[in-house]
Structures are given as structure tokens and as C-alpha cells.
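Chemist: Based on the provided sequences and hints, a complete structural model is requested.
Heads up: the protein sequence lines correspond to chains R and U, in order. Just so you know, we're using the UniProt record's numbering here: the first sequence kicks off at 1 and counts up by one. Just so you know, we're using the UniProt record's numbering here: the second sequence kicks off at 1 and counts up by one.
Please note that the accuracy of each hint is not assured.
Here are the simulated SDA-like pairs of lysine to any residue, each with C-alpha atoms no more than 25 Å apart in a straight line [said to hold, decoys possible]:
no.: 1; chain 1: R; residue 1: K196; chain 2: U; residue 2: E299
no.: 2; chain 1: U; residue 1: K428; chain 2: R; residue 2: D35
no.: 3; chain 1: R; residue 1: K181; chain 2: U; residue 2: E299
Please keep in mind that the hints were generated in silico from the structure rather than gathered at the bench.
Number of protein chains: 2
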Amino acid sequence: MTLHFNAFVMNTASHIQHGQWRHPDSGQVDFDDVDFWVDLAKRLEAGRFDAIFFADVSGLYGPADGDYEVHARNGLQIPSNDPAVLLSALAVNTEHLGLAYTSGILQMPPFTFARQISTLDHISRGRVAWNVVTGTQENGARNLGLPGLIPHDERYRQAEEFVDVTYQLWEGSWDDGALLKDRARGVYADASKIHKIRHKGEFYSVEGPHLPSPSRQRTPLLFQAGASATGRSFAARHAEAVFIAAPSPEVAAEGITETRRLAVEAGRLASDIKFFQGISFVVGSTEEEARRKEADLEEYISAEGMLAHMNFGTRPDGTAYPPETLLKDIDTETSKGILEWLRRSVTDREPTVADLADIVARRATRLVGTPEQIADGLQVWKDAGVDGINVVNWRLPGSYQEFIDHVMPVLRKRGLAQEEYTEGSLRKKLFGTDLINDRHPAARHRGAFKESR
Amino acid sequence: MTLHFNAFVMNTASHIQHGQWRHPDSGQVDFDDVDFWVDLAKRLEAGRFDAIFFADVSGLYGPADGDYEVHARNGLQIPSNDPAVLLSALAVNTEHLGLAYTSGILQMPPFTFARQISTLDHISRGRVAWNVVTGTQENGARNLGLPGLIPHDERYRQAEEFVDVTYQLWEGSWDDGALLKDRARGVYADASKIHKIRHKGEFYSVEGPHLPSPSRQRTPLLFQAGASATGRSFAARHAEAVFIAAPSPEVAAEGITETRRLAVEAGRLASDIKFFQGISFVVGSTEEEARRKEADLEEYISAEGMLAHMNFGTRPDGTAYPPETLLKDIDTETSKGILEWLRRSVTDREPTVADLADIVARRATRLVGTPEQIADGLQVWKDAGVDGINVVNWRLPGSYQEFIDHVMPVLRKRGLAQEEYTEGSLRKKLFGTDLINDRHPAARHRGAFKESR
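Modeler: Encoded structure:
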């Protein structure tokens, strides 16, 4: 089995590796220009990446009423553009590359969203993936009409209903064979096979029918990245691909085992989920060259950008926390998750803001060295149970081009990366079937509305 | 002054001229295939059309709990796909063609929608137009979480606030010069020029700031088609382009005069709005040939599809109205508007369902003849005050290709159609400026949030 490779990007200037946009080789400063993305997508397809994956937000990081001077100066996900409407430009310029994007459950009603995805799945001939998020930004919630963030567990209850509604529309509203396009008989579609879903739940009511006909995958490939207990349980039930950001292969292995166990508990197979570890790379023809390149990259890191991204740059009043502040003394929803995550790496003392700054500057685990050394490193992650790599970039398109030109050939030689794409939809490429499998909760809506018109 | 030309389409198999998809030359049966749309957009650009315009819906036509057998069989806007996510595929395959689409105010929150439009305006380098609709389908409202349609006037009050929020985000959230991309100083954007809008209204609360930086047009070119008194008043205040479907040039002239008068009352210039009349064409090298072609097209018309589109195919219980039923005895929200509209053509008696069926089968006013005769006809519409034509199609791409190959050259010779595109944004092409003018209500938000962070 080869590893899968995602290019982890965002429709913005500074996504993860803050500060890098300042380098002359960083094309991401011009992310507004569609040609930049078309060029990148073509490179990724030439390099046999499985997918380009767009992260997204609905608002600013940081405290509820805090300042965003640091964010704007760093281009820290502001300005940022909608990824969904960019994808068809990439779809018509590629044939195999998966097109994955993040959409939060508050961004639009499930009916509108389900139609958007179905349209994109038609346009791309089955290459779309959805990263389900609940949204963790106070400003994002306020942008979308709420007074503030919904409490974490309630958010997941709402997400549970949101995905269920979309499953009903994708899997249950149209039977196979409803679309006839029969010119001679004058029957475009057979209404007896198109059903209203009449969903009435706690958060949503949706009558249906779904307006698009079934796309190749029906339900798009489902990504998720929840790291909390609730998030992990959600992923175990719903995700087909899970992003992880483990600090080491050992920690990754633990998390993967636990999520797979939960998946099996939920009636799925352990192999129904593929795990993608986020890693950034620095490639040199010698180890020394790689270290020199790393020093250059480090020089461009914006520490304040890194902290602001973690919602730790500033207090509610906009001032910075002193470095020696103990994380346990900072009481926000975000801080708990970060603290839990940080304790896996800082085990000998109470983690401080300074520890966090140090870790986040390298938070996407980094592999530095020759292509062979990097391949060795990836083998270790693979042995830990990782199915794929979420390749975090420094500078675009350079980080990916370098990886494609120098690392991919070595990986292919070792059987760690695919030589050619498999034909068919994204799910077919990853799991061998166009449609989501029968063990997934989406599948129970198949045929569920047979009597409904 | 030349006339402007829009191709009036929808991401569906049967948009206006129901029944035509059954003809072997109708490519619209494969509207799911993005290549079909890319090909059409390229043809339209080669033919110097101003824009491709996508209509859209959020649900089915027809009575609230009626059957949709007629709709599905006719492909009557079901299945149908989201137009928004299709546009970037067209944007990267064209350079000048305007990209206009319909989006209803219930489809998504204004913050999400404003970001979608700004992204598309960036991608297309300023070629996006928005057709503001409030939604007139009961099923559409129920798909989007409401128990049913909002009463007409309240819908427009909500629309008023929706557009106002988007104006705030497009015009007021980012000052000129906020985006610096200054690598040397490490300043991507200047937060002192990026403002929260902190909108709290009757229907929406949106904090901001807008996430995308200003696109070329900021506010997209604004289309509207409201025919009711409230709709017309809304158009007079907000629209830069208005769709009309007048039964004759005289009626068009009346309506145009009235809307322009309302626009002036609202502080705008009469010339701030361009009017596009919907017309379909049948072109022949002789009049006789054109009439033969018309007979062939007529043969393919689906009368039941035409009626169902007008929400008149069936009673609430799903049965058909007898042809002699007086329209004034059918009491639905839609029927009032249709009756008013029909009385302009049927002046000697109370209009019946039979009258309606007859009229709707030719409802987009039709010009039939040689290219010269059609040019003569268009001259009459132009003399009535029409600025552009919404070209309704029968069969795709044939209806447009025929118009481009045979009618456009004659129109150009007469100075009725542009020889070449003007450079720049869609608004630049139509009005000479990238940005919406100072008389428009959007403009009052410029600089309105200077003190807000």
C-alpha cells in the first residue's frame, strides 16, 4: 500500500506557516489570482498528489472583542476567500486531482450546501470531498448571525443533524434510475423515484426533494479533524478521512487505534477511515543543504502570527501574554484543547506560553533532510498506522514542486507513493467504490423515502 | 449606442421553453457536464455577448403540497444545479464574458454570500453580476427552514436588509489601500483600514470585517426583475440592470419610464439602470424558412410544462384546472401577478387558463424572420427604450450559435451590437466605471466604518 498525499492549503496568503509570504519566492501573496491556483493544481496532478485540500474559516482568530492588527499585518487568514467557488476552475484544468474543502455547518443551510456539493461532484465527475467543521471562532459565529459561539457539545449535536440532513438529500432523495433523459417518451426524470425527505429536527427543517440528480459519489468523500473527545467520536462515526497533527508517530498510533476502535464500536470497519498526518518538509540534496534551507525558513517564521493563530497572541484586551504565563491559567475554550495537546510534548513541567510559541513554530511535524531521509521518516509514520500525509507548505508553489521533483521519485521507488492515478471518483481511488459503504450512517437513508412524494 | 446581449440560461435541462430538450439538437439534457457550459461560454464570448446569465430556484414550482410528476417528467428546473460553483470554470475559459447569477436571500446568510461574490469577482477580474431574488416558491422556503413563504412585502423588507448588509461588507469594511502585500516591512494588510461593520438589524446581525479584500467591482453588478409594485420600487432603488418581459415595446416603454421615474425619485439618474427585454428568436435565411423552423419548435413545446412553470398546472390537490377557469377565481399569490401581466395582452375579456396557456407558450416575446427582419424588430424595442436583450433560448447551444452567426453580423452593420469588447470589469463595460456610482445606496457605506475595528 502506498501513502496518500494531500496538499494542505487555504484560499489566503498565510495559512499555517506564518511569515513565509514575505519571502520573494512565496506566490501565495497573490492568492486572489485564479491563475495561481490553476497552476498549482496542475503541478499537483502532474506530481500524482491525491488531492488539494482547502481549509477555511468564517471569521478571525483571537479573543471575541480583541484587536486584529496582528492578523491583518500577518495576512493570517485575512484576507481570505471562499474555497467552494474556486473549485470548478481547478476541476476543468485537472482530471484526477481530488478537490477537498472545508465548510462549516453555520455557513449556510444544509439544503443549499448539499446542492453546492452535488453540483461540484457533477462538475468534477466525482472528485469532491467535504471537511466537516463546526466552527471555533467567536467572530465567525457573530458573522453568521449568532450572539457568540455555541457551546462545544451542542455544536456537535447540531453538526450531527446537519450531516444527517445532507445524507438524506444525497442518498435518499433520488433513487437510482430516476434520471431517464428519455427524449422519445418525453420523460426527463421519473418523479416516482424522486422523494421529499420532510426532515423536521431540533435545528433544521427541510422538505426536499434534493434538486440535483445523484452525482457520481452522491455523498462526497468525508473529511474530519475533530481532536476533542466529542470530535473524535464524531469522526469515528462519520469520517472517511481524518486529519491528525500528532507530535510523534507513537502519539499518532495511539490516536489512530482509539478512533478505529470507536469506529468499530459504531458498526464500521477499522479500515473505513484513512488517517492523514500533517507534516511539513525541507528537502536538500544533502542533509547539510536541507539544514541551511531550514534555517532560511526559520528566519521567516512570524512567531506572533503563530501564536495569534492558536488564539493565544493576545488577552481579551488585546495585549500579549507574558511568555512565562502557565497555559492552565488561561481559561478559554481553545486553551483546554491546546493544553491537552501540548502536554503530549511537554511532559516534564506545566506548559507555558513560551513552550507553546516554540512548539507552534514547528507544529506541523517537520521532516528535514535528503529525499532518502524523508522517505525513511515517512516509512516510520506509515508503520505507525498513518494512511496518508497532509503536506503542509511553506512557500507556494515551491514547497510542493520540490516535494514532487525530489521526494516523490524516491517514494515511488520504495512503493510509498502511487505511480499512476486509479481511474474514477475520489472515493474509488481511495476506497475502491464510488459510493459510501453500507456501514456508514449515510447509507441507512438509501430507499428510506420510497413512499414519499 | 449598441444593444447589450445576455444569454439567459439556467443550470438545468428545461428552463423556459419547456419541451425543447426532447429535440435531438438540444444539448441542455447534459447540463450536468461542465464541458457543455464551458463550450457555450466560449461561443458566447466569440459572439461578443455581454454576459451569460443563470437563473436559479431553491425549490419546485407548483402548489405547496402538490405533486411534481409534471415537473420531473418535463425536467422543469428539476434536476437543477447550483450556478455559483459553476462560474469559475467559465471564468478561466473566457476573458470578457460577464458572469451573472441568481441567488435568493434565503439561500445563505449575507456574510457567506458576500464572501462568495467577492471571491468570484476576484476570480473573474470583475465580471460578476448578482440577480437579487426573494424567492417565490413555497417549497423553496420549506427547503430553507421556513414553515412557508414569507408574505410578499415582508420578503422585500428582508431583502432590503440583506442587500444593505452586503453593501456594508463590500463598500465599507475595507478602505482603499488596506491591502499592502509589503514583503519588506512584513505588512500584508493594514488593520487600521479594515473595519467591523457590527450590523444589528431586524433580520440579520453581522459583525465583520469582510474576509476578502476589495475585488475589482466591490459590489457586483446588480440585476433585478421584480414586476410587482414593491419589486419595481426595489429595482428602482437598487438595480443597475432590470429584466423585463413586456408583451410589446409599448408596454416596455411604459414600465421603463415608470421605473426610471422611481429611480430619479430615489436620487439616482434615469440612466443608472439598463433594461433587458426577454426575447426568443427564430432565424431563417428567408421568412419562409424561419416560419418552417418555428413550426418545428412549436411542435416540441410542452404546454403542460409551460403551465406548471407558471404555477398553474395543478390545483392544490394535483388535478388540472379546466381551460375555461377564470384566472381571477384562482387565488394564489402568484395568480395575482400573472393576472395583472396577462391583462396587458388579453384586454377584451376576463383572462382564462386557456388564454394563459396560449400566451405562456410564446411568453418570451418572439422575433421570427430573416436576420434583417430580426434587426428591424430589435430596432423597435431599442426605440422603446430597451438597453439590452435577454436572449431566451430554445435549444443549446444552437439558439445562440445561430444568433451569433446570422443575426449579430447584421446588428453590427447597423450599429446595434458591439464589434469588440471594452476592456475591464463588467460594470466598466456597461457603465464606464469599475465601482458602483455615488448615487447608489451601496455608496453611502463608503468610509462609514472608519472608526470601527
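Chemist: Give a verdict on every hint.
Modeler: Hints, verified against the model:
1. Between the alpha carbons of K196/R and E299/U the distance comes to roughly 33 Å, so the proposed pair goes past 25 Å and is violated.
2. Restraint check for K428/U and D35/R: the C-alpha separation of about 22 Å stays at or below 25 Å, so the hint holds.
3. For the suggested pair K181/R and E299/U, the alpha carbons sit about 19 Å apart, so the restraint of at most 25 Å is met.
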